[in-house]
Structures are given as structure tokens and as C-alpha cells.
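J.: Each protein sequence line maps, in turn, to chains H and W.
To convert a position in the first sequence, counted from 1, into the numbering used here, add 124.
Each step along the second sequence adds one to the number in the numbering used here, with nothing skipped, and position 253 is 242.
Calculated directly from the structure, the hints in this document are not laboratory data.
Be aware that one or more of the hints could be misleading.
To be verified - Some chain H residues judged to face chain W by a derived CB distance under 7 Å, without partners named:
1) Y202
2) P207
3) S208
Unchecked claim - According to the in silico footprint, chain W covers these stretches of chain H (three or more CB under 8 Å from chain W):
4) 174 to 183
5) 220 to 234
We put the CB at the ideal spot given by N, CA and C, even for glycine.
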Amino acid sequence: MIAATDLFKAYGRKEVLRGLSFTAVAGEITLLVGPNGAGKSTTIKVLAGLIRPQNGTAQINGLDIVAQKIPAQRSLAYLPQSPSFHPRLTCLEILRFYAQLRGLARSRVEEMLDLTELREFARVRAGQLSGGMRQRLGLALLLLADAPVLLLDEPGLSLDPGWRARLQKILRAEGDRGRTVLITTHLIAEWNGVADRCLLCREGRIERELDPTDLPHDFDASEDSAPGSGRRGGPGDGDLAIANFPTNRAAKDKSPLRRVAATSTRVACAPQR
Amino acid sequence: MTTLAVPSTLAPLRAVLLREIRGAVSSRYFQVFCAISVIGGVASVAFAGDSGLFILQLALYFVSLFALLLGVNSARAESEEWPLLFAQPVPRSAYLLGKFLALSLIFASALLLLFLPAFVASPATAPLLSLYFHTFELAAFFASVGLAAGYFARERIQGLILAVTVWLFLLVGFDLIALFGARWSTLQEFPDGWLALLMLNPLDAFRVHALFSMEQIPAELAGKTALAAWWIDHAGLWFGLLAPAWISLLLWNTARRLRQWED
Chain H
125 MIAATDLFKA YGRKEVLRGL SFTAVAGEIT LLVGPNGAGK STTIKVLAGL IRPQNGTAQI
185 NGLDIVAQKI PAQRSLAYLP QSPSFHPRLT CLEILRFYAQ LRGLARSRVE EMLDLTELRE
245 FARVRAGQLS GGMRQRLGLA LLLLADAPVL LLDEPGLSLD PGWRARLQKI LRAEGDRGRT
305 VLITTHLIAE WNGVADRCLL CREGRIEREL DPTDLPHDFD ASEDSAPGSG RRGGPGDGDL
365 AIANFPTNRA AKDKSPLRRV AATSTRVACA PQR
Chain W
-10 MTTLAVPSTL APLRAVLLRE IRGAVSSRYF QVFCAISVIG GVASVAFAGD SGLFILQLAL
50 YFVSLFALLL GVNSARAESE EWPLLFAQPV PRSAYLLGKF LALSLIFASA LLLLFLPAFV
110 ASPATAPLLS LYFHTFELAA FFASVGLAAG YFARERIQGL ILAVTVWLFL LVGFDLIALF
170 GARWSTLQEF PDGWLALLML NPLDAFRVHA LFSMEQIPAE LAGKTALAAW WIDHAGLWFG
230 LLAPAWISLL LWNTARRLRQ WED
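Kindly produce the complete structure, drawing on both the sequences and the hints.
T.: This is the structure we're talking about:
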């Protein structure tokens, strides 16, 4: 479980987080969506223990990420936006290194190589990997820890549509295994129907909760959208579209059927980005 | 849900150590260092009259510079990976300590390439052993300077410029300042103050120890002040203590810097 309470973070005069609060519970995929600069990545970095908030608290499975940082970090796994690795080390060496850091068995490394289909690239140096391969290696590292809380910052940006669908399927399965999954993204349409909750973040606060089964296709140009267009889901009008959404979670449905449908929807939606 | 494995205290340190050794062995700096060490080691026996003095020159300029470069290289090698690394349940200081220990081990091994021919050829191994040990300490000191510069700088190039500036300052700048200061009448009244400044520079401490132990230079300075006499008599001990003190200070400050990144 994740509990963020009244988080405040400023860099100089620029206030990035301004009293941000939310909870994400085990067994659910929670989306943190919002336009660029809304504070999504800063929030996830605070939760991962990379940044200390100036005010407020963040708890990972009941452990304060500032006061009990190392125990809290044992309960989480984090995938940054663009994962990078030591360029001279191979995929296998990198996976083994992270397994050793957490005191995990080598068999976990083998499992992750199979899960992310990286076995044939196991001896390839990270510096020679494509962006998509690096994302897959990042995914392998995320799942390697078998942590109860998974934090993903804009995942899948470099993945092809097939692997993006696969990523969502894997994360859905992790959610169903009881993991708390928190994903930040501004490409919300891709997660339509996959997530259990969707929180709209704006100007360092959680503005409100959105219907996770009916998300707009484009959020990027939301700040510039002309008010009152009334159209939903078209490019450039994401924010207006969000404004029209209900803020309840009544549509939450964990049936397997919904998941299959959601996966197909996302593959269909992907080229529209 | 699977029970979470709690790593032992030393597991992360061991992981960083092994990773650093793997990374360093494939680094060009290290490969060039090994090649020059082999050539220098053979040359010290084949062409130089006094192999110890020849190695001393190599240690002063070449070992110190390469230790510095490997330190910066190591600190910046995975700078883009830091978000992923620092989200692991491992104190940030463990990465720094692991890197330092790995670099120390690497230099302890690679310096053998430089010293081995002299060890084989020279009948007087005690001064050479002492020089090996102190050259290793010097390399460890400059590796920690390189690590500090690499972590304090925002980019690799800044780290390299900072590190090389420190190296030049310790190599020549410090002595020039001391020489200039020696002309100042107030300082002339307190020669121990001037001497203490020199003693604090690890390169000077190394140079004085090595020169006096290898060459048996008549210590004219020794009779001038009590501190000078003590230094000449205990030059090896002094350098043996000074280098670890500087290394600890540098690593402690760098670890603080890593913690401050959270703010």
C-alpha cells in the first residue's frame, strides 16, 4: 500500500508538489495522470526514496520512506522513465548485480530473462541495446525484486505496441497477485480499462479521481485546449475530456473479460498517439 | 506473496565490488595503465640505473594521474543509472565504498606489473616493498580524489577538469605557493608552519618519504627544526597515516554529497 499525505516539494521558488495526498491499495493498478509538469514524476521519485519532500509524509507498506528509507525501499521496485545501465555490462551481469544487491537467488534472474524474452540478448552489453530492449531490461529489474509495491514512471514509451500490451498484461497480473502498482503517465488512453483507479494530478496536487474505464486518447495538449469544445478523446483536447468524466469508481470491474477487452483496446489505440 | 529476502550487510558491498572490477577491467584507462605498467616495469630494470628512482617518477606522475582518471570514470560510469541504483534498498555510501575498494584492489594488482621486474632483478627488496605499498596508498588517495570529483561534478567533463586541476595543484601548484610563501618574512620566523603545509600535501609527503628512503639524501633540513627532524625520521609513517586520513575525509564528504542529492 502507498499513502502519500500532504507532500510538498519546491526547487527554489518553483513549487512542484503542493500538498499532494493520495492512497493506492494492494491489488490495484493506480494511474497518476496529468499534463507535463504536473508533479507526477516528482511524486514517484519521493515514493521511491530518491527525493526528500520538504513537508508531508509518504509511506510504503506502512514504512516511512524518509525515516525508514532502506526498509521501505525493500518493499518497492521502481522503473524510471528512461532506464539506463552501465554501458559496459551485459544484460545478464546487470540482472545478476541487482539480484545480488537485494540478496536474491540467481534463479530469479533466469526467470526474468525468460519473462522479458531477453535470453538471446543476455550477453549483449547495455550500451548496445535499443531503447525498447532497455525498457524490457528495466521491466525485468522491476519484477526481479518481487516487491509488493511497484512504481513505474511513464513505462513503455520506447516499447512497440505488442510489448506495450504485454507490459500492461504483466502489470495487471501483478496487481491481481496483490501488488500495489502505481503508474505515472500522460498517455492515459493507453491504459484505458486496464487500471483500477485514475488520479488526475495538476499543479502539484491531486485534482480529482477519473473513471478508469473511459479515458481520453490524448492528454498532451490539455493546457492549451480551448474550453467548451465538447469533444472527447480527440487529439489536443484531453483536459476538456477529463473535465467531463465522472469522478467515481463505480465502473471498477475485475472480470477477466474486461482485461482481455482492455488489452485489445490498448493495441488498437496505440497508433493514435 | 513471496517472502522478501533481506540482504546481508555485506551482500550489496560485494555486488558493487564485483561490478566495479568487471567495469574497470574493460575500461580503456585501465588497459592503457596495465600496458604502461608492464613497459615501465621492464624499462626500470633494463634501462634505468636505479629502478626504484625510475618507478618513483612513474608513481608520481603516471600512477597518480591514472588513479585519478579511473576514479572519475568509475563515479560517472553509470550516472544515468543513478535513479535505478538509488531506489534499491542499499545506502548510497555502499556504492561509494564498493567503488573505492574495487579501485584499490585493481591498483594493488596492476601495480605488481610495474614492480615485479624490479622485485625479481633487485637484491634490495625492502625499500622496493615500501615503495610498492606507498605507491598503492598514493593510487588509493588519487582514486578517492577522482571519485569525489566525479560525484561532485554535474557532468563527466566537469569531473575530469576538477580532478586534473586538483592533481596539478598538488603536483606543482602547492609547492609553488609554499615556495612563494617561504619568501615572506613572517613565515620565515615560523619555518614549522611552512613545513606543516608541505606535510599535508600527500604528493609531497610521498615524494619526501620516497626520496629519503631510496636515495639516502643528506637531510640538511633535518637539523633545522624539530618538526623537520621528526618528518625525515618518520616520513614513511607520516605518509602511511596521511593518505588514509585524506581518503577517509574525501569519502566521507562524497558520501554526504550523495545524501544531499535527495534534497
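J.: Take the hints in turn and mark each one as holding or not.
T.: Hints versus structure:
Against a cut-off of 7 Å between C-beta atoms, the interface hint on Y202 (chain H) holds, since the closest Cβ of chain W lies about 4 Å away. Nearest Cβ of chain W to the Cβ of P207 (chain H): about 6 Å, under the 7 Å cut. The hint holds. Residue-level restraint check for S208 (chain H) holds (minimum Cβ-Cβ distance to chain W is 3 Å; threshold 7 Å). Counting residues of the segment 174 to 183 of chain H whose beta carbon lies closer than 8 Å to any beta carbon of chain W gives 3, which reaches the threshold of three, so the coverage claim holds.
Under the rule that three or more residues need a Cβ within less than 8 Å of chain W, the assignment of the segment 220 to 234 of chain H holds, with 8 such residues.
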